[in-house]
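Count the sequence shown with my numbering and you get residues 1 to 281, in order.
Bear in mind the hints are in silico, worked out from the structure with no lab data behind them.
Ideal placement from N, C-alpha and C gives every residue a C-beta, glycine not left out.
Treat the hints with care, since some could be wrong.
Derived CB-CB ranges, DEER-like [said to hold, decoys possible]:
1) R115 / K26: 32 to 42 angstroms
2) N190 / P114: 51 to 61 angstroms
3) E44 / V178: 42 to 52 angstroms
4) E182 / Q211: 23 to 33 angstroms
5) E44 / N206: 34 to 44 angstroms
6) P114 / L171: 51 to 61 angstroms
7) P118 / D65: 23 to 33 angstroms
8) N165 / D75: 43 to 53 angstroms
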Amino acid sequence: MECALLFSLLWSVSTFDDVNGRVVVKEDSDAVLPCSLSTKENIETKIFDWKKDDHKEVFHYNGGDYYGHGITGQDKQFEGRVSHFEYELVNGNASIKITETKVSDSGNYTCFFPRLQPPQTFLIELLVGACPEPSVTSLKSTKDWSLLQCEVYGASPRPEVEWRNSSGNILNAKETQVTEREGSYDIILNTTVTKTDHYSCVVTQNEICHQISSKIFVYIHDPEESTQGENLPFCLNVNENFLQNHDDSPDVSNIIHHCVNICLITLKGFKKDTKRTQRLP
1 MECALLFSLL
11 WSVSTFDDVN
21 GRVVVKEDSD
31 AVLPCSLSTK
41 ENIETKIFDW
51 KKDDHKEVFH
61 YNGGDYYGHG
71 ITGQDKQFEG
81 RVSHFEYELV
91 NGNASIKITE
101 TKVSDSGNYT
111 CFFPRLQPPQ
121 TFLIELLVGA
131 CPEPSVTSLK
141 STKDWSLLQC
151 EVYGASPRPE
161 VEWRNSSGNI
171 LNAKETQVTE
181 REGSYDIILN
191 TTVTKTDHYS
201 CVVTQNEICH
211 QISSKIFVYI
221 HDPEESTQGE
231 NLPFCLNVNE
241 NFLQNHDDSP
251 DVSNIIHHCV
261 NICLITLKGF
271 KKDTKRTQRL
281 P
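When you get a sec, could you build the whole thing from the sequences and use the hints?
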């Protein structure tokens, strides 16, 4: 009797087959969640069921009928976005495709064959990420410094956001806002700079897009320059995002770059004239 009970317990444990996997995609792209029997037996007449987080009905197949084709009850989140591979059923393939994925689709999915002997369950984790390009701007400038702001909206999973100078050095910065809603993060990061340079806001997500950045050019007045030079703009900011967004307007880009170059050349000329004047008796 004890041996029979032990055999029964071992059989019940072996009927739950965990096959772990992970799928990572960018938001708005399609995701294929794999689920295939190792025996490759024909499952056209079988039953299999896909659920998210153990309760949301993603896809149900029953001998040729499925959600949207003879069966109702699919969760509204997945209506019209989930399909199976009909011609692969004969090979034991119960994989599904979710189209136009959203961050909210992230979670744990199960593919369950309830009537196989033994029953089998496959576990798949889906991670849908979003890596929007940061927006950079100068909030305030004086002759000595400029306050720069970097805004990242709707990123998922939470990224690392940094300000860097043209040498790649990380600058001291402060997160002025971090909010989260349904797995998406909005982050605002500020830094104060005191030198002329190109500055970059760098967003890092190792699992999704690795790194994406936006740049801004800042000119800070040199205190050694003549007072005549101080009458020029003491801080010129060129947002390279703006230039990229106006590729169809080359005149705008050329004018801005031209103004920056004129300003820098003029200031250097003033500086040389001042030093030469100081050496005269």
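Each hint, compared with the structure:
Checked against the hint of 32 to 42 angstroms, the pair R115 and K26 passes, with Cβ atoms roughly 36 angstroms apart. Taking 51 to 61 angstroms as the suggested C-beta distance range, the pair N190 and P114 conforms, at roughly 55 angstroms. Restraint check, E44 to V178: a C-beta distance of roughly 50 angstroms satisfies the suggested window 42 to 52 angstroms. Taken as a hint, the range 23 to 33 angstroms holds for the pair E182 and Q211, whose Cβ atoms sit roughly 24 angstroms apart.
About 41 angstroms separates the C-beta atoms of E44 and N206, a value consistent with the hinted range of 34 to 44 angstroms. Evaluation of the 51 to 61 angstroms hint for P114 and L171 yields a pass: the beta carbon distance comes to about 57 angstroms. Separation of P118 from D65 is about 24 angstroms and conforms to the stated range, judged on CB atoms against 23 to 33 angstroms. As the Cβ distance of N165 to D75 is approximately 48 angstroms, the hint placing it in 43 to 53 angstroms holds.
Violated hints are absent here; each numbered hint is respected by the structure.
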